[in-house]
Amino acid sequence: MNVKRRRLLLAGASATALGAAKAYAQAKVIAIGVSLPLTGPGAATGITTQRTLERGVEVINAEGVQIGPDRYTLKLAFYDNKYVPAEAVTIVEKLLADGTRFLISLGSGNSVPVVAKTTAVKALQMSYASGKAHLTSPDFPLSFRVAPTNETAYAVYPWVRSTYKDVQKIGHMNPSDEAGFTESEDRRMIAEKNGFANVANEFFKRGSTDFYPVATRLVNAKPDLIDFGGTIGRDQSLGCKALRELGYKGKIMLGYSDAKSFVEVAGADAAEGTLLFDTLVDPQNAQQKELQDWWLKKYGPPFPSFAYSVWDTPFILALGMKKAQSTDPVKIAEALRGAKWDGLYGPEAFGMKSVYGIDTSITRSIPIAVIKGGKPIQLTTVPWPADV
Amino acid sequence: MTLALQIVTSGLVTGLIYMLIALGVTLLFGIMRVVNFVHGELVMLSAFAAYFLGVGELGLPFGLALLCAAVAAAAVAVICQYVLFRPMHYDILNCFIIGIGASFALRSASWAIFGPEPIAIPAIVPGVMNLGGVFVSNQRLFAAGLCVALAIALYLFLHYTRPGKAMRAVEQDREAALLMGISSEQVYVTAFVVSAALAAVGGAMLGSLFGIDPEMGAEPLLKSFIIVQIGGMGSIAGTVIAALFIGLTDSATGTLFGGELAFIIDFAILMLILIVRPRGLFGYDVSH
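Listed in order, the protein sequences are those of chains A and B.
When you line the first sequence up against the numbering used here, it's residues 1 to 388, in that order.
When you line the second sequence up against the numbering used here, it's residues 389 to 676, in that order.
Don't read these hints as lab results, they were simulated from the structure.
Keep in mind that the hints are not guaranteed to be accurate.
To be verified - Footprint (simulated), chain B over chain A, 3 or more residues, beta carbon under 8 Å:
id, region
1, 34-43
2, 198-204
What the hints assert, rightly or not - Just some of the chain A residues that point at chain B, by a computed CB distance under 8 Å:
id, residue
3, Y212
4, P213
5, L238
6, P304
Beta carbons are placed, not taken as given, at the ideal position from N, Cα and C, and that holds for glycine.
My request is simple: use the sequences and hints to build the entire structure.
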């Protein structure tokens, strides 16, 4: 190598190094730890969440989040908790020890055990999880619930009451874990408040294959409607299939589902007539269509409608940062409590102070679909009750 | 009375499906003393193969799709044998550990390849049979019948064919079999192929009854280990009896006391057997 070439290379290397240094100086990155199941029985929802969050952050980072003179970008770090609470606790302890102060958590069993830890170090936790006062309360002012779960019953049961007058007796089926117990307790309470009689309350191990035993118990209780509560993914299809195979003729209601997958696994006959709460079958607005189109282009069909449910999460955090004009989780949480915004489902807000004593649980309209002729069809959208 | 009959019918049918998967596990253990943790992933991969060949764009007749899935499963099993187990000299502990690792790797890779959406093989025999208030789907009956047929076929294969007799000879006394000119390595390959074929049929049946996703092999494999341990490692008859017993127990405890209790009872039975009779009901002492 002659001297001239060497100098040229040196100059190039220096320029690159300077450029990198400049970029480094400009880059203000907010690290967000994401604890979710990427393997195990909750993996389907975990992978959908991961892909959706990645896209959401990509969109946010294209413009960045302006706080005063500084432009911030978000950086997600995903950790597989396998839907095992002990794994989730280890992940969050490590994240908090490393200085991460923003956490997105999927699943009740992964969110509830860590909320005291995130609260203690003043980290902001956004959970997609069923939960009650053990996740949403004035004791946990930095804990936000970014999707309506067990609380959907506040909107859905009055609608069932007025739409299906023949439904009097409700049976409940839930997974035997934190999410299932919470869903069961809350839904039975809300069903009773709406004048229904709870005739069965069954639990199963998440990821089970044979639902005949639990379905036999439910069928024997002769409910008019069976609410699957916190049952998600393949368990919904298998539960529905088993109930129909055992001769159950009443209504089945389930939520947070991927409608098309549900029908495929349950079979069109078994799925017929099933009510799907908080389920969007097809895009209802331009923003939803954009998300679906992006997914189909990147990952191909089928599009998991569960992606709609998690889409808003990073945008809510970005909104909080903008409103607070700060990266301090305490100030962001303050700005988010009771905040209102236009999300993927239309007007959304953090509320439910009447139930939890603090406005940190998301409220929005609940779309409802039904399986008709083997296909999911959007049935209606139930508004969030004004008094909740 | 109807409830009791429902419990028995559901339990027997489920037990027969678990039996098919457990037979593959016990076959390998009986002959090679290998506890094959990859077996659950063979179940899963076969189900995916049967789905994509029979239900996907290719749309092959289901029998042909199942045959192709069995061939693919056998190929994966033999690869595992040569790449994982043979270099470990079929040492029980090393194979156990490497099998767990391979199983997790295959499962994680499957999530990345097949994606998060669960799918299912449509019922070959749709509809539900109502036998005086006892309900059972035709597909379950079909699956149970196929499992019985394959268990009989396995028995005939082991007792009346040359490769089957060679397998039994190696199982009974490897050194004596070698002296009689039987190549143990060839027998091992046959065992892996037969075991994989059983996994493939089990996978396709599970895929039509319970749907397909990368985790689908985990629970049946766990049940298989419980069944094989109770029946006695390496004992075909023990496996059949234990599978039916576990199927009935799961059905009865799940229906009478709730689903969560079924696993607790299964493990309680397993612990009791391990304490009272470590080799299982019909097994032999592994140390000999």
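Hints, one by one, checked against the model:
{"no.": "1", "hint": "34-43", "result": "holds (count 5)"}
{"no.": "2", "hint": "198-204", "result": "holds (count 3)"}
{"no.": "3", "hint": "Y212", "result": "holds, 4 Å"}
{"no.": "4", "hint": "P213", "result": "holds, 3 Å"}
{"no.": "5", "hint": "L238", "result": "holds, 6 Å"}
{"no.": "6", "hint": "P304", "result": "holds, 6 Å"}
When the structure is compared with the earlier hints, no violation turns up for any of them.
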